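The chain contents come next:
Number of protein chains: 2
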Amino acid sequence: MKKQQNILIIGAGLCGSLLALRLGQRGFNVNLYEMRPDLRKVEISAGRSINLALSDRGLKAMRLAGVEDKVKELCIPMNGRLLHDMEGNTVLAPYSGREHEFINSISRGDLNALLLDEAEKHQNVNIYFNKKCKSVDFENTTALFEDYETKENFVEDADIIIATDGAGSALRKSYFLGKKILFSFSQDWLTHGYKELSILPAKNGGYQTYKNALHIWGRDSFMLIALPNLDGSFTVTLFLSFDEGEYNFGNLTTPEKVLEFFEKYFKDALELMPNLVDDFFTNPTSPLGTVKCSPWHYKGNTLLMGDAAHAIVPFYGQGMNASFEDVVVFDKALDEGEPNSEAGWEAIFKAYENSRKMDTDAIADLAIDNFHEMKGHVNNAIFREKRNLEMAFEKNFPDDYSSKYSLVTFNEDIGYREAMLRGRAQDKAILNMLADKELDSNADLKTNLEKVNRATEEILEDDRVAKNFKH
Amino acid sequence: MKKQQNILIIGAGLCGSLLALRLGQRGFNVNLYEMRPDLRKVEISAGRSINLALSDRGLKAMRLAGVEDKVKELCIPMNGRLLHDMEGNTVLAPYSGREHEFINSISRGDLNALLLDEAEKHQNVNIYFNKKCKSVDFENTTALFEDYETKENFVEDADIIIATDGAGSALRKSYFLGKKILFSFSQDWLTHGYKELSILPAKNGGYQTYKNALHIWGRDSFMLIALPNLDGSFTVTLFLSFDEGEYNFGNLTTPEKVLEFFEKYFKDALELMPNLVDDFFTNPTSPLGTVKCSPWHYKGNTLLMGDAAHAIVPFYGQGMNASFEDVVVFDKALDEGEPNSEAGWEAIFKAYENSRKMDTDAIADLAIDNFHEMKGHVNNAIFREKRNLEMAFEKNFPDDYSSKYSLVTFNEDIGYREAMLRGRAQDKAILNMLADKELDSNADLKTNLEKVNRATEEILEDDRVAKNFKH
Numbered sequence: 001m002k003k004q005q006n007i008l009i010i011g012a013g014l015c016g017s018l019l020a021l022r023l024g025q026r027g028f029n030v031n032l033y034e035m036r037p038d039l040r041k042v043e044i045s046a047g048r049s050i051n052l053a054l055s056d057r058g059l060k061a062m063r064l065a066g067v068e069d070k071v072k073e074l075c076i077p078m079n080g081r082l083l084h085d086m087e088g089n090t091v092l093a094p095y096s097g098r099e100h101e102f103i104n105s106i107s108r109g110d111l112n113a114l115l116l117d118e119a120e121k122h123q124n125v126n127i128y129f130n131k132k133c134k135s136v137d138f139e140n141t142t143a144l145f146e147d148y149e150t151k152e153n154f155v156e157d158a159d160i161i162i163a164t165d166g167a168g169s170a171l172r173k174s175y176f177l178g179k180k181i182l183f184s185f186s187q188d189w190l191t192h193g194y195k196e197l198s199i200l201p202a203k204n205g206g207y208q209t210y211k212n213a214l215h216i217w218g219r220d221s222f223m224l225i226a227l228p229n230l231d232g233s234f235t236v237t238l239f240l241s242f243d244e245g246e247y248n249f250g251n252l253t254t255p256e257k258v259l260e261f262f263e264k265y266f267k268d269a270l271e272l273m274p275n276l277v278d279d280f281f282t283n284p285t286s287p288l289g290t291v292k293c294s295p296w297h298y299k300g301n302t303l304l305m306g307d308a309a310h311a312i313v314p315f316y317g318q319g320m321n322a323s324f325e326d327v328v329v330f331d332k333a334l335d336e337g338e339p340n341s342e343a344g345w346e347a348i349f350k351a352y353e354n355s356r357k358m359d360t361d362a363i364a365d366l367a368i369d370n371f372h373e374m375k376g377h378v379n380n381a382i383f384r385e386k387r388n389l390e391m392a393f394e395k396n397f398p399d400d401y402s403s404k405y406s407l408v409t410f411n412e413d414i415g416y417r418e419a420m421l422r423g424r425a426q427d428k429a430i431l432n433m434l435a436d437k438e439l440d441s442n443a444d445l446k447t448n449l450e451k452v453n454r455a456t457e458e459i460l461e462d463d464r465v466a467k468n469f470k471h
Numbered sequence: 001m002k003k004q005q006n007i008l009i010i011g012a013g014l015c016g017s018l019l020a021l022r023l024g025q026r027g028f029n030v031n032l033y034e035m036r037p038d039l040r041k042v043e044i045s046a047g048r049s050i051n052l053a054l055s056d057r058g059l060k061a062m063r064l065a066g067v068e069d070k071v072k073e074l075c076i077p078m079n080g081r082l083l084h085d086m087e088g089n090t091v092l093a094p095y096s097g098r099e100h101e102f103i104n105s106i107s108r109g110d111l112n113a114l115l116l117d118e119a120e121k122h123q124n125v126n127i128y129f130n131k132k133c134k135s136v137d138f139e140n141t142t143a144l145f146e147d148y149e150t151k152e153n154f155v156e157d158a159d160i161i162i163a164t165d166g167a168g169s170a171l172r173k174s175y176f177l178g179k180k181i182l183f184s185f186s187q188d189w190l191t192h193g194y195k196e197l198s199i200l201p202a203k204n205g206g207y208q209t210y211k212n213a214l215h216i217w218g219r220d221s222f223m224l225i226a227l228p229n230l231d232g233s234f235t236v237t238l239f240l241s242f243d244e245g246e247y248n249f250g251n252l253t254t255p256e257k258v259l260e261f262f263e264k265y266f267k268d269a270l271e272l273m274p275n276l277v278d279d280f281f282t283n284p285t286s287p288l289g290t291v292k293c294s295p296w297h298y299k300g301n302t303l304l305m306g307d308a309a310h311a312i313v314p315f316y317g318q319g320m321n322a323s324f325e326d327v328v329v330f331d332k333a334l335d336e337g338e339p340n341s342e343a344g345w346e347a348i349f350k351a352y353e354n355s356r357k358m359d360t361d362a363i364a365d366l367a368i369d370n371f372h373e374m375k376g377h378v379n380n381a382i383f384r385e386k387r388n389l390e391m392a393f394e395k396n397f398p399d400d401y402s403s404k405y406s407l408v409t410f411n412e413d414i415g416y417r418e419a420m421l422r423g424r425a426q427d428k429a430i431l432n433m434l435a436d437k438e439l440d441s442n443a444d445l446k447t448n449l450e451k452v453n454r455a456t457e458e459i460l461e462d463d464r465v466a467k468n469f470k471h
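Protein chains in written order, with my numbering: chain A, 1 to 471; chain B, 1 to 471.
Isolated chain A (complex conformation) (with noise of 0.2 Å):
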């Protein structure tokens, strides 16, 4: 059935961009549409991170593409997590115990424009910008799109329709308002927005403040970011309540309100960023929502994947690294499966929704605790002492413990899910025994370590029994 080899994907973001090169690679004949100009040519309008972080899971798609060498020369290390307090006193938080074990900033245009370079070297892929898709017909397995530029509408037939649209994805929609399917879904907005903001390089091209980290300014209920660029700049990304607290979005409506906000919080940063009220006006301010549906495939005709399946918050800095792992999971699916039928198909879909899923909403409700961690806990005691006491564990033990952000960030090849629950019972062993003074930091880093595992170990089984009862 060669027919079954016409491979449609809805959106040309870093999701859709890869996939399309991996499906390429994998001998499909792919059409990947996108609604926006082809942004190698067009400088795109603002209003995306310009920036994110890129880690083990992203990277280990990257190295599956063939493309881990070329993407590594775009990235810039960040060791941790450079805290900024009201004085502007700095402290670095490290990422982890492990020297080798970073995250890193990334330009998100940059990164694009090389999946899609590498995409349209293989015949079998073509790329359509300026075409938006407006709907899918999952029974048919076709597409409504609207050329940009004719302002035409055509539909697209296809064998097999993909979508990496992202978080406002047609084919949801279509699924969600066609009402043929029972269809689980949820949008789930914080009170809280942002906006991007810049630091600009400096004079002589090089970096104003420390270039090897994320830098955080937490003011625990809001805080800004930033994140370095290749050219010397820093996106700085302010997260904020819209309508609550003594400043918010809502009432920072003039220049002079804007830069007492940030005398009176972030003075170090503000002398950085000159240009602060221009971007404060000229970007927009933007929510932060939450997206989880099921089921994402509809027989074997139409699969969601990336944002389009699970759009998440940015805390954890694994919305790009989620859906990278996307394709590696599709493609481990794909290894397993018969795609060349549409029973195939469907049976490739289930398998991957089914192993799939309970990751992709761990992380999502990993990123929403990170917020709370980010803003307000990097600066309490308690918390700080705990994350200590892991950095020393994964120094001296380095085969013996991962934190949570490490099991999260740097071991690829552990599920999201499994990440979550070891991650949180760690926390809690922790934090409990910090809290009933059980954890004596004069003692024997290996005596506290075995105490931590221990602890771990109950709270996990524990848990077990009484989960066994609940599903």
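Among the hints, erroneous ones may be present.
Which copy is meant is left open, because identical chains are indistinguishable; a pair holds if it fits in one copy or across any two.
In silico DSSO-like pairs for lysine-lysine, Cα to Cα no more than 27 Å straight-line [claimed, not checked]:
(1) K350 with K60
(2) K134 with K179
(3) K70 with K437
(4) K257 with K180
(5) K134 with K173
(6) K211 with K72
(7) K60 with K264
(8) K257 with K299
(9) K467 with K437
(10) K132 with K180
(11) K134 with K72
Calculated directly from the structure, the hints in this document are not laboratory data. These numbers were taken from a predicted model, which means no experiment stands behind them.
Let chain A serve as the given structure and place chain B on it in line with the hints.
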């Protein structure tokens, strides 16, 4: 501002009728619109459960509205679960060790009619039937209706609109589709659906099986339940997967297959159901969903209540009770607020949602847990051991212990969330101590109770310490 006193209620189901009654008692001008015909005059078709379990939270609301005594005349006490095994053997598992704690089977229609009658006694309450709300303009506080008799559309203006129009709420859809607010929303479907069946009265008008219990035929992956009606009949409900397992709604397509299924799994029930095949192919198969959303209100204009704000699955018998409790909580917010200006209403709506949402989220989750408990765990040895121990605690130390079920069902003065947290901690404590053989069933009961309470407190404390670093 007398003008602020015109309240439009959409939906005259259980919640809307009680709300109209209570707001009528408080002196507001209430216009109550219902899309269905007046159920006191017309036989309403099936598809909704014919009887429901009324328990202490619901009764508290009846007390508030001064109708508790009248409602109790419609009630049939159910003291426990009567569990039917494959061979037709039965055992009664009481709901509580305290004899005065039981739930009540009640006819949805009779209760709804009673509330409508009581509401209509108030001159300031007007009820309109056959008027279907199609959308709500929450900015201008108007609702668009279709009159099912004249087929004409009309718009109603009000100072306040409260939507109690159930799981498919028109106001909720307007919030979702309007995109004026960041509206968090989830709909989650179980893989199981349900179908209503019946056991008819005995020839002498009596009951063909034990009257004062909720009957359960739990078969792990599916189940049958039955609740008594005043006329001697039972309403029977089959909960079964749509498309998985040997028998499912998808493949029960012939009378022979249905009879074969019941013969094999529900032999003793089948003997009482000569009308099974008729019922099975006449009555619809319906899905089981959970709906959560936020915010419930828009400014001081509009508010969602009851299933419109929080639809849940039926397995804790709390859907109606939660909606009635909404009215109690809302009534308290009215007492504490100033319902005489838009700002006053907004403060009331906000206070109501702030105090209420965490509780309705909790009962939604508990109801899903209970699905697994009812269809499977009730047959499990360690689960039964836990329940026996809890019954003994409640019987012998009635002031010192309440099981999760009791906390949820018979303790109307604590919220669902508190009941969930404490109840789950107790379950976890007992199940783990039983698994580890740390509870000696021959030991002094008081000793065991103290052990359980101590372990419960420890679990709650450990969770508190860990959670402080999550939110």
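Each hint, compared with the structure:
1. Proximity of K350 and K60 under a CA criterion of 27 Å is satisfied intra-copy only: 23 Å inside one chain copy versus 47 Å between copies.
2. Taking CA atoms no more than 27 Å apart as the test, K134 paired with K179 passes in both settings, with 17 Å inside one copy and 18 Å between copies.
3. Taking the closest pair of Cα atoms, K70 and K437 never come within 27 Å of each other, the shortest separation being 49 Å inside a single copy and 58 Å across copies.
4. Taking the shortest Cα distances, K257 and K180 sit within 27 Å of each other only across copies (26 Å), while inside one copy they are farther apart (51 Å).
5. Taking the shortest Cα distances, K134 and K173 sit within 27 Å of each other both inside one copy (9 Å) and across copies (21 Å).
6. In the homo-oligomer, the alpha carbons of K211 and K72 lie at most 27 Å apart inside one protomer (16 Å), although the nearest pairing across protomers, at 72 Å, exceeds that limit.
7. For the identical chains of this complex, K60 and K264 are neighbours neither inside a copy (42 Å) nor across copies (51 Å), given an alpha-carbon limit of 27 Å.
8. Taking the shortest alpha-carbon separations for K257 and K299, only the inter-copy value of 26 Å comes in at or below 27 Å, while the best intra-copy value is 54 Å.
9. Taking CA atoms no more than 27 Å apart as the test, K467 paired with K437 passes between copies only; the shortest distance there is 18 Å, against 29 Å inside one copy.
10. When the C-alpha separation of K132 and K180 is checked against a cutoff of 27 Å, the pair qualifies both within a copy, at 24 Å, and between copies, at 24 Å.
11. In this assembly of identical chains, K134 and K72 lie within 27 Å of each other by CA distance neither inside one copy nor across copies; the values are 36 Å within and 55 Å between.
Hint violations for this structure: numbers 3, 7, 11, all remaining hints satisfied.
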